[in-house]
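With the hints as constraints, model all of the structure from the sequences given.
Number of protein chains: 2
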Amino acid sequence: MNPDMLRSAPVPSVRRMPLYLRFLKQLKSRGRQVVSCTHIAHELGLVNTQVRKDLAMTGIVGRPKVGYDVPALIAAIEGFLGWNNTSDAFIVGAGSLGRALMGYDGFREYGLNILAAFDIDPERVGRPVHGKEVFALERLPDLAERLHVRIGILTVPAKAAQDAANLLVLSGIRAIWNYAPIGLEVPESVIVENMNLSASLAVLSSRLAQTLRTEMGLKTETE
Amino acid sequence: MNPDMLRSAPVPSVRRMPLYLRFLKQLKSRGRQVVSCTHIAHELGLVNTQVRKDLAMTGIVGRPKVGYDVPALIAAIEGFLGWNNTSDAFIVGAGSLGRALMGYDGFREYGLNILAAFDIDPERVGRPVHGKEVFALERLPDLAERLHVRIGILTVPAKAAQDAANLLVLSGIRAIWNYAPIGLEVPESVIVENMNLSASLAVLSSRLAQTLRTEMGLKTETE
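For the protein sequence lines, the chains are A and B, in the order given. Residues in the first sequence are numbered consecutively from 1, following the numbering used here. Residues in the second sequence are numbered consecutively from 1, following the numbering used here.
Hints in this document: simulated from the structure, not taken from any laboratory. Positions of the beta carbon are idealized from the N, C-alpha and C atoms, including for glycine. Wrong hints could be hidden among the right ones.
Stretch by stretch, here's where chain B covers chain A in the computed footprint (C-beta under 8 Å, at least three residues) [claimed, not checked]:
| hint | region |
| --- | --- |
| 1 | 32-42 |
| 2 | 78-87 |
| 3 | 101-115 |
| 4 | 119-125 |
| 5 | 150-162 |
| 6 | 198-212 |
Structure below.
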């Protein structure tokens, strides 16, 4: 194994990986065998040296004046992201957002397989959503252990998030994709990636409100 | 109007606004009339001076030794975010993610009202999703103008995203919440806020893969 792979990769580089992967898969489907770093950079509107650095993180080395072998590069990126083996995940919180994510099959492209959801509401338990079971929350530790699930997707309300996170940690979950609009306290060994829809919407709508206010102000002044 | 509101607020401050809003609404529901900056900071695990600065951006001023009037502060934050009037939005792309968001009613809390969706697939057009209409994409400009819709939520595949964004701009949409996993080129007057699920998942799963690799390495070494 390349020792570089054990070092922590910069977040912006990691966030670009799905972009490379999608482009390379397009090339592959068109029968292309080899691609240069320059070509990738040009097509994706990125800087050459950045692309080279990003791809080096996956442990792959391009051949000078030839480039990268396309299938090998795809495999290297998928391995780097852990997307070569489909990862099973549980959803905690089968409310509106949890159910929405249960019905989103785009995650499969990224090797993520949502097995089931958990909830405390007896009205939700036992009623499958998009063909996936909803279990009572107390069954989480047992099922996570038996099915070796390591990824938890947290879609509970803010006030229930920390308790749910504690239960995920107790259940052996190693990575929490947090859609609850609040920060979580977890042991260092547990990875948290926040996906805060309300914060993103706040940025969008505050900027829009500001723009419309400014325009209204200008209008009034010129009238 | 406070002239500060016309200046651009820092993104981290804006992203904290929903957190304040949620907390203040809890206080209000418990009948609390006044709250100090120190109390807010303590309860939310933030720094006092930061909270004061954030809240000042909304144009509200706390009274020394008394604090903020809770209902007034709620109104000020909602006004700042443009969440006091419900904003209508259209979804472009009624695929799996678009349909998931159409079914998510949590957006209402943030004053966002998804009116309808648009798609190019004749199989999807005319079949309501969660009680909301799906129209043919070519009807977007006319309906956006007639209904004064200013927010577009983009949930099309990467390869269709730029064309869809161009149509949104032509239709008078002023703010695009972009769930497509790709950057968009739009005129300066149009706001784009990116919500890249695949990039976020890449960060989560690459860190998990790295952790598991490291642990396996350590295990092998000690065996």
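Status of the hints after comparison with the structure:
Residues of the region 32-42 of chain A lying with their CB closer than 8 Å to a CB of chain B number 0, which falls below the three-residue condition for coverage. Under the rule that three or more residues need a Cβ within less than 8 Å of chain B, the assignment of the region 78-87 of chain A holds, with 6 such residues. Counting residues of the region 101-115 of chain A whose beta carbon lies closer than 8 Å to any beta carbon of chain B gives 10, which meets the minimum of three for the stated coverage. With a cut-off of 8 Å between beta carbons, the region 119-125 of chain A has 0 residues touching chain B; three or more are needed, and the interface restraint is violated.
Counting residues of the region 150-162 of chain A whose CB lies closer than 8 Å to any CB of chain B gives 3, which reaches the minimum of 3, so the coverage claim holds. Counting residues of the region 198-212 of chain A whose C-beta sits closer than 8 Å to any C-beta of chain B gives 15, which meets the bar of three, so the coverage hint holds.
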